[in-house]
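Novice: First to last, the protein sequences are chains A and V.
Note that the first sequence covers residues 1 to 132 in this note's numbering.
Note that the second sequence covers residues 133 to 261 in this note's numbering.
Hints are computed from structural coordinates only; laboratory data are not their basis.
Virtual Cβ for every residue (Gly too), placed ideally from N, Cα, C.
Fair warning: there could be bad hints in the mix.
Claimed, not checked - Calculated pairs, DSBU-like style, for lysine-lysine (alpha carbon to alpha carbon, straight line, at most 35 Å):
hint, chain 1, residue 1, chain 2, residue 2
1, A, Lys76, V, Lys259
2, V, Lys250, A, Lys94
3, V, Lys259, A, Lys118
4, V, Lys210, A, Lys94
5, V, Lys259, A, Lys82
6, A, Lys118, V, Lys230
7, V, Lys230, A, Lys76
8, A, Lys118, A, Lys96
9, V, Lys210, A, Lys96
As the list claims (entries may be wrong) - Pulled from the structure, derived: some chain A residues nowhere near chain V, Cβ distances all over 10 Å:
hint, residue
10, Gln4
11, Ser20
12, His79
13, Val85
14, Arg86
15, Glu110
As the list claims (entries may be wrong) - A few chain V residues that don't get close to chain A, going by computed Cβ distances all over 12 Å:
hint, residue
16, Glu135
17, Arg173
18, Gln249
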Amino acid sequence: MLEQLSVGDVFSDFYVVLDSEDVNSYLMATGENNSLWQTYVPPLAVGARILAEIIEDFGDLDGLMHTGQEFSFLSKILHNQKLNVRVEIGTFSKRKGNLIIAFSIEIYSESNMVGSGKTNVIIFDTEGNSNV
Amino acid sequence: MYELAPVVESVTRLIDQSRVNSYADAARDHNPLHLDTPEARAGQFGRPVAHGMLILAIVSEMMSNTFGLQWAEQGHLKVRWRAPTFPPATVISNAILKEDIDGIASYEIFCEDEDGQKLLTGTARIKYI
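Generate coordinates for the entire structure from the input sequences, incorporating the hints supplied.
Specialist: Here is the structure:
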């Protein structure tokens, strides 16, 4: 499926909502302790949830490695705020059997863009077709 | 508000397997590469590796500690992971001011472990005025 993707294709389109329980779990796990996040969502908690959705859409994780990440945060996000996320193929190349993909991410609340990002992954050829 | 870009204080965090397991649940990322699983032991690193986003979370925490909600409203991050983090590791997140022009501050950021191994490098930018 991945090899059939082209730059500009929509990889996935979904929404995320982080409630207080989600945020508290995230804070407990990361060790972050800032009273701001009793009302608002830590920006990276949104990023983590989006990444999880992208990874879930991969299905087979064999050989997948997250190599780089970019985020622009444009608005504070409240607990329970619904965010619509659109993930497109930003760049796509194959090198020595390994797939190198950059996903472009746009995050909206209603019609307002509240964030954007780029996720870089490499999928190593685990079937021995690589020349590396 | 600041007149000059502030110093961003480092954050140090122990990343142990228990924290990685908790993060897997919280972030809903149960890739076996990160857990104490046969897959992780048979994988290219031979042991579990912490989520890259867990390391990046320390960077975002560091910036939020300094800039508060401004970070959530006008922050920008760009990073690459340079080496895997093997739990347990003590990770230190650092920011060095590189540019301060018209109220926009750019910091070189990096995370390293207790041995000085760079785990993550990149830039953080924020409009702070």
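Novice: A separate judgement is required for each hint: does it hold in the structure or not?
Specialist: Verification of the hints:
1. A:Lys76 to V:Lys259: OK: A:Lys76 and V:Lys259 at ~14 Å, within 35 Å.
2. V:Lys250 to A:Lys94: holds (27 Å)
3. V:Lys259 to A:Lys118: holds (20 Å)
4. V:Lys210 to A:Lys94: Holds: V:Lys210 and A:Lys94 sit about 23 Å apart, inside 35 Å.
5. V:Lys259 to A:Lys82: holds (26 Å)
6. A:Lys118 to V:Lys230: holds (23 Å)
7. V:Lys230 to A:Lys76: holds (26 Å)
8. A:Lys118 to A:Lys96: holds (23 Å)
9. V:Lys210 to A:Lys96: Given pair V:Lys210, A:Lys96 holds - Cα atoms ~26 Å apart, limit 35 Å.
10. Gln4: holds (23 Å)
11. Ser20: Its Cβ never comes within 10 Å of chain V, the nearest being 13 Å, so this holds.
12. His79: It holds; A:His79 is separated from chain V by about 13 Å at its closest Cβ, greater than 10 Å.
13. Val85: Label holds. Min Cβ-Cβ 14 Å, cutoff 10 Å.
14. Arg86: holds (19 Å)
15. Glu110: The assertion about A:Glu110 holds, with a minimum of 17 Å to chain V.
16. Glu135: holds (23 Å)
17. Arg173: Check passes; 15 Å lies beyond 12 Å.
18. Gln249: V:Gln249 clear of chain A: closest Cβ-Cβ about 17 Å, beyond 12 Å.
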